[in-house]
Amino acid sequence: MITVENLSKSFTLHNQGSAVIDVMRGANLSVAAGECVALTGQSGAGKSTLMRMIYGNYFASSGSIRIGDLDLVGAEPRQILALRRDTLGYVSQFLRVVPRVATLEVVAEPLLAVGQDREAARARAEELLRRLNIPQTLWSLSPTTFSGGEQQRVNIARGFAYDYPAMLLDEPTASLDPVNREVVLSLIKEAKARGAAIIGIFHDAEARSEVCDREIDLSGFGVGAAA
Amino acid sequence: MTPLLSVRDIRKTYGSHVGCTDVAFDLYPGEVMGIVGESGSGKTTLLNCLAGQLTPDQGQVVFGTREAGPRDTLQMSEPERRMLRRTDWAFVHQHARDGLRMNVSAGGNVGERLMAVGARHYGDIRDSAADWLGRVEISEARIDDRPTTFSGGMQQRLQIARNLVTNPRLVFMDEPTGGLDVSVQARLLDLLRGLVRDMGLSAIIVTHDLAVVRLLADRLMVMKDGHVIETGLTDQVLDDPQEPYTQLLVSSVLQV
Chain A
1 MITVENLSKS
11 FTLHNQGSAV
21 IDVMRGANLS
31 VAAGECVALT
41 GQSGAGKSTL
51 MRMIYGNYFA
61 SSGSIRIGDL
71 DLVGAEPRQI
81 LALRRDTLGY
91 VSQFLRVVPR
101 VATLEVVAEP
111 LLAVGQDREA
121 ARARAEELLR
131 RLNIPQTLWS
141 LSPTTFSGGE
151 QQRVNIARGF
161 AYDYPAMLLD
171 EPTASLDPVN
181 REVVLSLIKE
191 AKARGAAIIG
201 IFHDAEARSE
211 VCDREIDLSG
221 FGVGAAA
Chain B
1 MTPLLSVRDI
11 RKTYGSHVGC
21 TDVAFDLYPG
31 EVMGIVGESG
41 SGKTTLLNCL
51 AGQLTPDQGQ
61 VVFGTREAGP
71 RDTLQMSEPE
81 RRMLRRTDWA
91 FVHQHARDGL
101 RMNVSAGGNV
111 GERLMAVGAR
121 HYGDIRDSAA
131 DWLGRVEISE
141 ARIDDRPTTF
151 SGGMQQRLQI
161 ARNLVTNPRL
171 VFMDEPTGGL
181 DVSVQARLLD
191 LLRGLVRDMG
201 LSAIIVTHDL
211 AVVRLLADRL
221 MVMKDGHVIE
231 TGLTDQVLDD
241 PQEPYTQLLV
251 SSVLQV
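Same order as they appear, the protein sequences are chains A and B.
In terms of full-length UniProt numbering, the first sequence opens at residue 1 and continues consecutively.
In terms of full-length UniProt numbering, the second sequence opens at residue 1 and continues consecutively.
By construction, these hints were calculated from the structure, which means they are not laboratory data.
The C-beta atom is built at its ideal place from N, Cα and C for all residues, glycine as well.
Treat the hints with care, since some could be wrong.
[Said to hold, decoys possible] Which residues of chain B face chain A? A few of them, derived with a C-beta cut under 8 Å, are:
# : residue
1 : TYR28
2 : ARG81
3 : LEU215
4 : ASP235
5 : GLN236
6 : LEU248
[Claimed, not checked] Calculated from the model, a selection of chain A residues having no Cβ within reach of chain B, i.e. all distances over 12 Å:
#  : residue
7  : THR49
8  : SER62
9  : GLY68
10 : ASN133
11 : GLN136
12 : LEU185
13 : LYS189
14 : ALA193
15 : GLY195
16 : ASP217
17 : GLY220
Required output: the full structure, derived from the provided sequences and hints.
As structure tokens, this is what we get:
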């Protein structure tokens, strides 16, 4: 489902003396449907950078990133938008929303984007918010004022609302209490069971061994930190 | 899928000064594109050229019309272009007073655009006007008041209602949240995003506010000195800018 070949990335900082920073060279990985793969390596090894390149958020300097039929390297913006809408989900570490939009709407939005009807989308959003123990009194409020842990759970609910065939998870269990951590792990297992290909970053080693089938150590592809 | 708007080789000069040049892009149905850049970078000149408010020196602005398919709007007759501006196109000005008739009631401002496309039944027009005032969160009780009695944020929302009442397919916006305080901006952004999604609108938004484009635009075009220097997905351009000027622009934003 997800295939990365010979991927390299460097940043050119034009306003800091045109410094060129190589962060990744020759990265390869592939993830099949129903499989969950963990990215490992110390801070600076390029885990988040790789994740962002796979989401199309960062440009790749060279190589290819294939998700389904699309190669993201060199793809048109609208192809990437369609991929994000229909195929590729991303649970980031931070929730970014339009102020004033109710939590229930935030969670239902990915479903509305693929054309599901409003009732079904709301029902699914309610189910997820309930599972993730967000009190019903908060559903009609904007998540911008919520605590860090609550925002994280809203973010997870939103990420899992639609059944994406491929998913990227950036520290999905960070800052969660044990009960909610279990809920998130079971959401990940359910996604695997329905055939989603998942790439995750988990600092929580127990969570990692519980849901991941394989680990890929990025230190080998790094240039600076690992050298 | 065919583009809704296909722009080729647009150039506009003011004497020897270049307003904008070498601009080309395709906009697809349902897409929202942001144009960012500092004052004087040519973004408003470009928007005005696209929307038929200014005549460019050269180039093509091909719009997918409902009846006749793709047509170059720069080659249309003035009445044809005026009709397009009243029906399939909408233009939201930075200053609401440029887009509103200040001495006509709120309901009249919305109704006028309907009448321009042939609506004649007073009751229907008033009902649509009331419906649209509700959608932009203006109380129906204010339908007979003039916009001069409205706050800046309300005037801006009224301008949006006036523009969208004819169900346009393409909306041009020039700094739609400029000059509004932040809570009003948030409300307007929320409103615009909902309308874009529910009505399947395409939009081109000129702004210097990167937070606005991050929330509203799918794609971004960065302009400097009349040239387009970088384009791409909004989050790509903002998170991994490639050009020196874009890096400067993004890193200059104050974090809150």
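Right, here's what the structure says about each hint:
1. Because the closest C-beta pair between TYR28 (chain B) and chain A is about 6 Å apart, less than 8 Å, the hint holds.
2. Residue-level restraint check for ARG81 (chain B) is violated (minimum Cβ-Cβ distance to chain A is 27 Å; threshold 8 Å).
3. The closest approach between the C-beta of LEU215 (chain B) and any C-beta of chain A is roughly 5 Å, which is under the 8 Å cut-off, so the hint is satisfied.
4. Look at ASP235 (chain B): its Cβ gets to within about 5 Å of chain A, closer than 8 Å, so that hint holds up.
5. Taking 8 Å as the C-beta contact cut-off toward chain A, the hint placing GLN236 (chain B) at the interface holds, the least distance being around 6 Å.
6. The closest approach between the C-beta of LEU248 (chain B) and any C-beta of chain A is roughly 5 Å, which is under the 8 Å cut-off, so the hint is satisfied.
7. A cut-off of 12 Å between C-beta atoms contradicts the statement that THR49 (chain A) is not in contact with chain B; the least separation is 9 Å.
8. Even its closest Cβ contact with chain B, about 14 Å, leaves SER62 (chain A) beyond 12 Å, as expected for a residue assigned away from the interface.
9. Distance check on GLY68 (chain A): its Cβ is at least 18 Å (rounded) from any Cβ of chain B, clearing the 12 Å threshold; non-interface status holds.
10. The claim that ASN133 (chain A) lies off the interface holds: its Cβ sits roughly 27 Å from the closest Cβ of chain B, which is beyond the 12 Å cut-off.
11. With a cut of 12 Å on Cβ distances, GLN136 (chain A) stays outside the contact zone with chain B, its closest approach being about 22 Å.
12. The Cβ of LEU185 (chain A) lies farther than 12 Å from every Cβ of chain B, with a closest approach of about 28 Å, so its non-interface assignment holds.
13. Under the 12 Å C-beta cut-off, the non-interface status given to LYS189 (chain A) relative to chain B holds; the minimum distance is some 29 Å.
14. Residue-level check passed: ALA193 (chain A) sits 30 Å from the nearest beta carbon of chain B, beyond 12 Å.
15. Distance check for GLY195 (chain A) against chain B: the nearest CB is about 27 Å away, which clears 12 Å, and the non-interface claim stands.
16. No Cβ of chain B approaches the Cβ of ASP217 (chain A) within 12 Å, the least distance being about 24 Å, so the stated non-interface status holds.
17. Listed as outside the interface, GLY220 (chain A) is consistent with that label: its C-beta sits roughly 23 Å from the nearest C-beta of chain B, beyond the 12 Å cut-off.
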